[in-house]
Amino acid sequence: MSDQLFGEMLQSIVDGAPDRAAELARQALANGVDPLEAVNRGFAVGITFAGDQFGCGEMFLPDLLASAEAMKAAIKVLEPEMLKRGSQRETLGKIVLGTARGDIHDIGKNLVATILSASGFQIFDLGTSVTPEQFVAKAKEVDADIVGVSALLTTTMAGQKAVIEALDRNGLRPRVKAIIGGAAVTSKWAAEIGADGYSRNAIDALELAKNLMGKGTVSA
Amino acid sequence: MRPRIQLLSAELIGRILREAFELLMSPGVRVGSAVVELLQSAGVEVNDGIACVPEPLVRKCLASVPRDFYLYNRRGEKAVHYGGDDVQFDPGSCCVQMLDPDTLEARPSETRDLVRIVQVTEALPQFAAQSTAVVCSDNDAPSAIGDLYRLFIVLQYSDKPVVTGSFSAAGLQGMIDLLAADSGSADRLRQQPRAVFDVCPSPPLNWSEFGSHNLLDLARAGVPAEIVSMPLAGGTAPVTLAGSVTQHAAETLAGITLHQLAGPGSPIVWGGAPAIFDMRTGGAPMGAVETAMLNMACAEVGKHLGLPTQGYLVATDSKLVDAQAGAESARSAMLGALAGINMISGAGMLESLACFSVEKLVIDAESIASAQRLARGIEVRGEEVRDDDGRGDDVGSKSLATAMFAQTGLSGEFLKLKETRALFRQEQYLPSPVIDRSARGSEPPSDVFTRTRARVDELVSKYQKPSLPEDVLRKFQAIVNREADREGDREADRAGVALPRD
Numbered sequence: 001m002s003d004q005l006f007g008e009m010l011q012s013i014v015d016g017a018p019d020r021a022a023e024l025a026r027q028a029l030a031n032g033v034d035p036l037e038a039v040n041r042g043f044a045v046g047i048t049f050a051g052d053q054f055g056c057g058e059m060f061l062p063d064l065l066a067s068a069e070a071m072k073a074a075i076k077v078l079e080p081e082m083l084k085r086g087s088q089r090e091t092l093g094k095i096v097l098g099t100a101r102g103d104i105h106d107i108g109k110n111l112v113a114t115i116l117s118a119s120g121f122q123i124f125d126l127g128t129s130v131t132p133e134q135f136v137a138k139a140k141e142v143d144a145d146i147v148g149v150s151a152l153l154t155t156t157m158a159g160q161k162a163v164i165e166a167l168d169r170n171g172l173r174p175r176v177k178a179i180i181g182g183a184a185v186t187s188k189w190a191a192e193i194g195a196d197g198y199s200r201n202a203i204d205a206l207e208l209a210k211n212l213m214g215k216g217t218v219s220a
Numbered sequence: 001m002r003p004r005i006q007l008l009s010a011e012l013i014g015r016i017l018r019e020a021f022e023l024l025m026s027p028g029v030r031v032g033s034a035v036v037e038l039l040q041s042a043g044v045e046v047n048d049g050i051a052c053v054p055e056p057l058v059r060k061c062l063a064s065v066p067r068d069f070y071l072y073n074r075r076g077e078k079a080v081h082y083g084g085d086d087v088q089f090d091p092g093s094c095c096v097q098m099l100d101p102d103t104l105e106a107r108p109s110e111t112r113d114l115v116r117i118v119q120v121t122e123a124l125p126q127f128a129a130q131s132t133a134v135v136c137s138d139n140d141a142p143s144a145i146g147d148l149y150r151l152f153i154v155l156q157y158s159d160k161p162v163v164t165g166s167f168s169a170a171g172l173q174g175m176i177d178l179l180a181a182d183s184g185s186a187d188r189l190r191q192q193p194r195a196v197f198d199v200c201p202s203p204p205l206n207w208s209e210f211g212s213h214n215l216l217d218l219a220r221a222g223v224p225a226e227i228v229s230m231p232l233a234g235g236t237a238p239v240t241l242a243g244s245v246t247q248h249a250a251e252t253l254a255g256i257t258l259h260q261l262a263g264p265g266s267p268i269v270w271g272g273a274p275a276i277f278d279m280r281t282g283g284a285p286m287g288a289v290e291t292a293m294l295n296m297a298c299a300e301v302g303k304h305l306g307l308p309t310q311g312y313l314v315a316t317d318s319k320l321v322d323a324q325a326g327a328e329s330a331r332s333a334m335l336g337a338l339a340g341i342n343m344i345s346g347a348g349m350l351e352s353l354a355c356f357s358v359e360k361l362v363i364d365a366e367s368i369a370s371a372q373r374l375a376r377g378i379e380v381r382g383e384e385v386r387d388d389d390g391r392g393d394d395v396g397s398k399s400l401a402t403a404m405f406a407q408t409g410l411s412g413e414f415l416k417l418k419e420t421r422a423l424f425r426q427e428q429y430l431p432s433p434v435i436d437r438s439a440r441g442s443e444p445p446s447d448v449f450t451r452t453r454a455r456v457d458e459l460v461s462k463y464q465k466p467s468l469p470e471d472v473l474r475k476f477q478a479i480v481n482r483e484a485d486r487e488g489d490r491e492a493d494r495a496g497v498a499l500p501r502d
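These protein sequence lines are chains A and B, in that order. In terms of the numbering used here, the first sequence has 66 at position 66, counting the first letter as 1, and numbering is strictly consecutive. In terms of the numbering used here, the second sequence has 189 at position 189, counting the first letter as 1, and numbering is strictly consecutive.
Just chain A, with the same shape it has in the complex (with noise of 0.2 Å):
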């Protein structure tokens, strides 16, 4: 019985369905199934699925979107009862995010927001225009494991490494990793700034994220 459920949750990943996620969430709630069991056969594959998909083309971001939403109902249900068992979720890791000073344009970076938090990275979100200095701060605060900055515009791409420089300053690297993305952000220029990672869209940065973490599924 329990496989046909994790199959349905899968499924309901790849529909985009947050209210059948969450129903099914319950649902398993109710027949006793181990909640990180549930994640972790169920609904964690199907995001896994929906990924893959995109990346051969199969999926769509709204596709992508509309599965990570339906990931975040079904965590939400199945919360409570993992912090009663002990048994949380594993984080990958703790990420903090924002757009570069000076930068208000935060579609991209919000799809990487969704998209990490969707496979189990915890995400810190400081928004849009953030300085160096909230960045080294919320790093520290949080201890995160990496720090990914998003430009659009040439302007605010040097808002990039003065993040970067930034976190140097303070002694946060290399222990914490900075990534950076947006439209005119080249691996060029990721690499003359010393940044630790640069990835053209949102699954790309899951990819990224999970290599420096060590987590990957291919290799750095």
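Each hint can be trusted.
Computed footprint of chain A on chain B; a stretch qualifies when at least three of its residues, placed anywhere within it, have a C-beta under 8 Å from a C-beta of chain A:
no., stretch
1, 94–102
2, 201–209
3, 233–245
Hint data in this document are derived by calculation from the structure and do not stem from the laboratory. We treat Cβ as the ideally placed atom computed from N, Cα and C, and that holds for glycine.
Following the hints, put chain B in place on chain A, whose structure we already have.
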């Protein structure tokens, strides 16, 4: 008859505007603090940075916008006409990377690239205006005065009008000063503007601090502004094309209101760089046909309001100057021309505006020339029909073919006719050697990229730098140094002194 394509019915334009006016009231428009007082004094309610702009005020502001205006070249001649159905082109702006024609790799753009682009653009009649095309990573990026530096370079190397833009609220004044120095005085600049400044709202419905500020400063200086609203359909705007055109209209109407409140009668353009949102990459595919459709439709709404228009076309998503680049760029050049958009920006751009190629710019010039030819349509320019007694015929019409046949009979010797010699240059666009129409010879055929590289070299070798009076150059330098000091940017200061060699 001038050929036209229209995508919107009058009824649909009416609906778009009705909904745009609704959006301006609810949810309203986010505005920078710089304009709050101005809006409030016009009776607009602003709460928590969100303004609800009523239609009557917008209508009043629309009424004070000039229906048309000109940009002037350095000789003081009218060189760009914003208004009516005139169609003109300029290269894309502010790219950060340059395609290296040897390695076919993208590398950070530098001052020498901007100079080369300006030199080539100067020589090509297809471009009515220059643009501050690429960031100069060697000197100005990420310097705070990069925008000023780019204009400084373009003004030294070109006599044409310039499409430019400022990237900070504080930086605009330096650019206006530079243009005033070029024109002779701030008054002269106002009377015969040489540049237009792109000013961008942030989708959706957000006139940020610096965007708002720029609109105000430009309106007060009387220097033309071009609102470049860029909804991304499905990403930062409604997924439907009609919905994105509506958002574009609301953002642009809000901008025009701010601008005209600050400087009634100051010239402003209904421009835009709308695009669809790519559902795989999250990018803005500039070569997509829907992106062209958005540009055409947005311009149609502007034309309906009687305003000068601008759009962002002739760009591609390809990373190379290849068949995709040619197809996408030529297609949108044609569509933009048939939509009668006054200024079409974007030529030379690759990779969804992430990379510039001077070779592509030269190929695009050929597509643009074809589009311009198409937009002129089919004209009647045969011989006037004469009666036997030598009077013109009753309706004053011209013969299309009969007068020429009267001379050739059935001999087929049209090549000999004086009409042929007199009219073929008007009838046909004569492409540069970039376009291959030759018969196959003994040499293996060359590809367009190879031919274009030679053409770029040729144009650059024939280029002559304008000779600016010493005192103007000194003024330029003083402004750049002053702004560099203000920004505490010694690097840019040094850059100003060490100009690139010709």
